[in-house]
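**Student:** Assemble the whole structure, with the sequences as input and the hints as a guide.
Order-wise, the sequence lines are chains A and B.
When you read off a place in the first sequence, starting at 1, and then add 7, the result is the number in this note's numbering.
Going by this note's numbering, the residue at position 69 of the second sequence is 53; the numbering climbs one at a time, nothing skipped.
It is worth saying that the hints were derived from the structure and are not from the lab.
The structure presented is a predicted model; accordingly, all values stated were derived computationally and were not measured.
Just so you know, even glycine gets a beta-carbon here, dropped at the ideal spot from N, CA and C.
Certain hints may be false.
[To be verified] 35 Å max Cα-Cα, derived DSBU-like pairs, lysine-lysine:
id, chain 1, residue 1, chain 2, residue 2
1, A, 38, B, 24
2, B, 71, A, 85
3, B, 31, A, 170
[Said to hold, decoys possible] One-sided excerpt, in silico: chain A residues whose CB lies under 7 Å from chain B:
id, residue
4, 48
5, 50
6, 52
7, 95
8, 131
9, 132
10, 172
[Unchecked claim] With beta-carbon atoms standing in for the labels, derived distance ranges:
id, chain 1, residue 1, chain 2, residue 2, range
11, A, 47, B, 58, 18 to 26 Å
12, A, 145, B, 58, 34 to 42 Å
13, B, -5, A, 56, 29 to 37 Å
14, B, 58, A, 42, 44 to 52 Å
15, A, 146, B, 70, 27 to 35 Å
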Amino acid sequence: MTEIIFKELDKEIIIRDFDCGDLEINSFLEKLAHTNQEEKLSKTYTFCIKDTNELIAFMTLSASQLNTGDARIFGIDKVPVVLLGRLGVDNDFKGKGLGFSLIRIALEKALDASYIIACRLLLVETTSDMKSYYLEKVNMGFEWFRDRKKSSILFIDLKKYEKSIQ
Amino acid sequence: MNKSIIIMMTTPKEKGIERDRKLLEENLFFDNSEELILSKQENEDLKKKLTNINVDEKTCTFFKASHQFYKQLEKNQFIVSLEEIEKL
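**Tutor:** Listed below in structure tokens is the structure:
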């Protein structure tokens, strides 16, 4: 049985062998994750092997907003959101449910944040070929927001999440 | 009696495609390089979605399970086995 622990990124966690197959995500973890956390620009949460403290999956959350432009939604021009900016699962641990578990935790963290500072949505961006996977196959409550050239932005409405768990 | 046995084999190319697909899964990257400014249509669409907070049964079930998962994780000092995660 392999025990893993969920915790905030700290200096003791071993990240040197982490490889999720995406150079940008790997690079962020290696070069920016700690600094961003110290500077309060993003918060990184991890799954690590309990015995060895090796990082096997992580995600980052940060505050962001959707600008409504000239229009208004509920009378405001900026909808506050929690951005799930990066999520990476080490190649050796893919397909074991770690990614989905991190999204589940992200929902809780975002909802907690919404009780302190208002935020309405959890926003994620996925590759175009994974769009239907997240929207249809995996019923995690994602709704479609926008397509970009090679990706799609999806969101979960935190008010709906809150209503469901009460 | 002739019996023909057909052996289905995955070609190396198919295995490569499947491996790449798996590698794509579970990673998420948000391109934050430009501010998200909603178009008029997007505003209207989003407003409709945010105004109607009814949740379908499947989504509600997922949300509840998700919440339970976190509460259990919290109860166990955020320690869980990889095997348990796989079962979810």
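**Student:** Against each hint, give a clear statement of whether it holds in the structure.
**Tutor:** Evaluated hints:
no.	hint	in the structure
1	A/38 <-> B/24	38 Å, violated
2	B/71 <-> A/85	39 Å, violated
3	B/31 <-> A/170	18 Å, holds
4	48	11 Å, violated
5	50	14 Å, violated
6	52	10 Å, violated
7	95	5 Å, holds
8	131	5 Å, holds
9	132	4 Å, holds
10	172	4 Å, holds
11	A/47 <-> B/58: 18 to 26 Å	24 Å, holds
12	A/145 <-> B/58: 34 to 42 Å	23 Å, violated
13	B/-5 <-> A/56: 29 to 37 Å	35 Å, holds
14	B/58 <-> A/42: 44 to 52 Å	28 Å, violated
15	A/146 <-> B/70: 27 to 35 Å	19 Å, violated
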